[in-house]
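Using the sequences and the hints, build the whole thing.
What follows is each chain in one-letter form.
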Amino acid sequence: MNKITEELLEQVSDYKGEFKGAYNIRENGQCVGRQSSKNIRIEPKTDKSGIDIHIAPNTKGEKVYIPACVTHSDVSDLVYNDFFVGEGADVTIVAGCGVHADNEGEAKHNGIHRFFVGKGAKVVYQEKHLGTGAKTAFKRIDPVTDAVLEDDSYLEMDTVQLGGVDSTLRQTRAKVGNGAKLIVRERIMTVGEEKAETDFKVEMNGEDSAVDLVSRSVAKGHSYQQFKSEIIGNNRCTGHSECDAILVDNGRVNAAPALEAAHLDAALIHEAAIGKIAGEQIIKLCTLGLTEEEAQERIISGFLK
Amino acid sequence: MLKLQNVVWNIPDGEQIIQDISYTAQQGKLVVITGPNGGGKTTLAKLIAGLEKPTSGKIYLNNDDITDCDITQRAKKGIAYAFQQPVRFKGITIQELLELAAGKELSYTELCDLLGKVGLCAREYINRELDSGLSGGEMKRVEIASVLARNAKVTIFDEPEAGIDLWSFTKLVETFQELRNQQNGLLLIISHQERILEIADEIVVIAKGKIRTVGSKDEVLPQLLSGEISKKCPRGKENQ
Numbered sequence: 001m002n003k004i005t006e007e008l009l010e011q012v013s014d015y016k017g018e019f020k021g022a023y024n025i026r027e028n029g030q031c032v033g034r035q036s037s038k039n040i041r042i043e044p045k046t047d048k049s050g051i052d053i054h055i056a057p058n059t060k061g062e063k064v065y066i067p068a069c070v071t072h073s074d075v076s077d078l079v080y081n082d083f084f085v086g087e088g089a090d091v092t093i094v095a096g097c098g099v100h101a102d103n104e105g106e107a108k109h110n111g112i113h114r115f116f117v118g119k120g121a122k123v124v125y126q127e128k129h130l131g132t133g134a135k136t137a138f139k140r141i142d143p144v145t146d147a148v149l150e151d152d153s154y155l156e157m158d159t160v161q162l163g164g165v166d167s168t169l170r171q172t173r174a175k176v177g178n179g180a181k182l183i184v185r186e187r188i189m190t191v192g193e194e195k196a197e198t199d200f201k202v203e204m205n206g207e208d209s210a211v212d213l214v215s216r217s218v219a220k221g222h223s224y225q226q227f228k229s230e231i232i233g234n235n236r237c238t239g240h241s242e243c244d245a246i247l248v249d250n251g252r253v254n255a256a257p258a259l260e261a262a263h264l265d266a267a268l269i270h271e272a273a274i275g276k277i278a279g280e281q282i283i284k285l286c287t288l289g290l291t292e293e294e295a296q297e298r299i300i301s302g303f304l305k
Numbered sequence: 001m002l003k004l005q006n007v008v009w010n011i012p013d014g015e016q017i018i019q020d021i022s023y024t025a026q027q028g029k030l031v032v033i034t035g036p037n038g039g040g041k042t043t044l045a046k047l048i049a050g051l052e053k054p055t056s057g058k059i060y061l062n063n064d065d066i067t068d069c070d071i072t073q074r075a076k077k078g079i080a081y082a083f084q085q086p087v088r089f090k091g092i093t094i095q096e097l098l099e100l101a102a103g104k105e106l107s108y109t110e111l112c113d114l115l116g117k118v119g120l121c122a123r124e125y126i127n128r129e130l131d132s133g134l135s136g137g138e139m140k141r142v143e144i145a146s147v148l149a150r151n152a153k154v155t156i157f158d159e160p161e162a163g164i165d166l167w168s169f170t171k172l173v174e175t176f177q178e179l180r181n182q183q184n185g186l187l188l189i190i191s192h193q194e195r196i197l198e199i200a201d202e203i204v205v206i207a208k209g210k211i212r213t214v215g216s217k218d219e220v221l222p223q224l225l226s227g228e229i230s231k232k233c234p235r236g237k238e239n240q
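Taken in sequence, the protein lines are chains A and B.
Under our numbering, read the first sequence as residues 1 to 305, first letter to last.
Under our numbering, read the second sequence as residues 1 to 240, first letter to last.
What the hints contain is simulated information worked out from the structure, not anything from laboratory work.
Bear in mind that the values here come from a model prediction, so they are computed numbers and not experimental data.
With a cut-off of at most 30 Å between alpha-carbon atoms, the simulated DSS-like pairs for lysine-lysine come out as follows:
{"#": "1", "chain 1": "A", "residue 1": "122", "chain 2": "B", "residue 2": "90"}
{"#": "2", "chain 1": "A", "residue 1": "195", "chain 2": "A", "residue 2": "220"}
{"#": "3", "chain 1": "A", "residue 1": "195", "chain 2": "B", "residue 2": "90"}
{"#": "4", "chain 1": "B", "residue 1": "90", "chain 2": "A", "residue 2": "305"}
{"#": "5", "chain 1": "B", "residue 1": "90", "chain 2": "A", "residue 2": "128"}
{"#": "6", "chain 1": "A", "residue 1": "276", "chain 2": "B", "residue 2": "76"}
{"#": "7", "chain 1": "B", "residue 1": "90", "chain 2": "A", "residue 2": "228"}
{"#": "8", "chain 1": "A", "residue 1": "108", "chain 2": "A", "residue 2": "3"}
{"#": "9", "chain 1": "A", "residue 1": "201", "chain 2": "B", "residue 2": "90"}
{"#": "10", "chain 1": "B", "residue 1": "117", "chain 2": "A", "residue 2": "305"}
{"#": "11", "chain 1": "A", "residue 1": "276", "chain 2": "B", "residue 2": "104"}
{"#": "12", "chain 1": "A", "residue 1": "220", "chain 2": "B", "residue 2": "90"}
{"#": "13", "chain 1": "A", "residue 1": "276", "chain 2": "B", "residue 2": "90"}
Shown next as structure tokens:
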């Protein structure tokens with residue numbers, strides 16, 4: 001593992017010289033470290049690049065780390081990771097992605113993740129994206145997530161991308177079973193000329209299924225963000241999506257939420273708000289002794305916390 | 001000491017909201033500003049805190065001319081202002097707001113003490129965000145706590161009673177009395193509440209942008225409503 005990877009790992013996946021438990025570290029398209037645990041088995045795919053992660057039923061309180069890093073330009077890494085989460089398991093998956101390039105050219109990571117969350121299982125999925133290095137290099141991360149939530153399961157996706165990635169397209173698809181719940185917490189900040197798109201499609205197929213999708217974003221400079229969400233209620237279910245965006249400088253945000261209720265008891269709600277920081281928020285913090293710049297910074301850091 | 005000297009404030013269309021107000025308030029006093037709605041009380045508070053700049057006139061804090069200071073500079077010089085309508089923040093917790101106000105990290109005991117003054121239990125509240133999850137009354141109490149945390153030379157409360165239940169209000173009146181007894185700074189409270197007027201060292205009645213009366217509560221309270229005649233038209237235009 002090279003030095004840049006180590007630095008990226010520290011920032012995207014809480015790496016402190018080692019990982020405890022099961023892990024797979026990917027660097028420039030190659031595996032540079034892998035360990036399974038008694039309950040979590042990580043195996044390389046035989047037909048394509050990537051791994052299968054098998055989490056035994058009723059595994060409790062374990063973490064599995066699967067960070068991926070690209071450390072120079074002219075790398076286009078494509079990886080397929082499949083998670084098979086056994087019934088009744090309760091685990092945390094940490095999947096940071098760091099892309100670094102020092103010169104011109106493109107450094108790209110494209111992770112395709114599939115989650116099969118077994119009955120009654122609970123998964124917290126944490127993903128942090130980071131781009132570092134020269135501004136002349138084009139850093140790109142395009143994750144695809146496909147999740148199937150079986151009955152009474154729970155999947156919480158907590159994703160963060162706070163600048164440095166020139167272009168990102170995040171596509172998330174989920175099918176939610178009886179009594180299952182999907183929670184998405186997305187935080188994005190784009191700066192300069194960056195572009196970030198997110199595209200969610202959630203099918204609520206099970207009775208009493210639920211989704212709560214909250215996206216908070218800040219678009220600075222001349223950056224552009226697009227938020228698309230589609231929640232389809234095919235059964236008695238509750239669905240809520242919320243897109244809150246703050247514009248700074250000449251940032252632009254396009255929010256296109258869609259709800260489709262195909263059942264009389266599908267209760268679907270969407271909230272969206274895009275705008276600059278409210279003047280009264282700045283004034284309140286100024287009355288506490290902060291300058292306007294400090295107030296703006298504090299409001300944004302809290303908003304994206 | 002806070003001194004207003006011939007302060008005038010006009011709205012952009014030229015209408016005069018504050019008309020030549022001169023007034024000096026001494027440190028260690030509890031001054032209640034009262035008067036009819038629309039009389040200019042909140043505007044005066046905003047002029048003192050720097051949210052508005054006077055069209056003419058001067059404002060002094062302990063002989064320091066602060067007329068041209070912005071909100072931040074005035075805050076740093078020791079002016080604290082509790083908004084009539086508290087501001088909500090997504091992602092900022094009550095503890096974080098109180099620490100921003102205090103300018104330092106606060107221990108659990110200090111947080112308990114501050115929130116206790118406004119009738120809130122620290123254990124239940126410090127980690128809650130200042131978003132729509134808090135009721136209007138809770139927001140108001142946090143707003144007051146944030147200003148108490150500043151320990152300022154001049155503390156302005158704009159209608160602190162608005163939206164607060166009777167029980168928390170009793171606690172709040174006690175807190176104001178305690179603050180006055182500590183003789184730390186000047187408390188300026190905009191209020192119509194009799195119980196707050198009762199604890200004032202001095203009452204200033206503002207109407208139509210001018211000071212109508214200034215005096216002790218014994219002097220001012222008996223004549224507070226004198227000259228007020230109930231009118232059909234609130235703007236006195238029934239004969240037009």
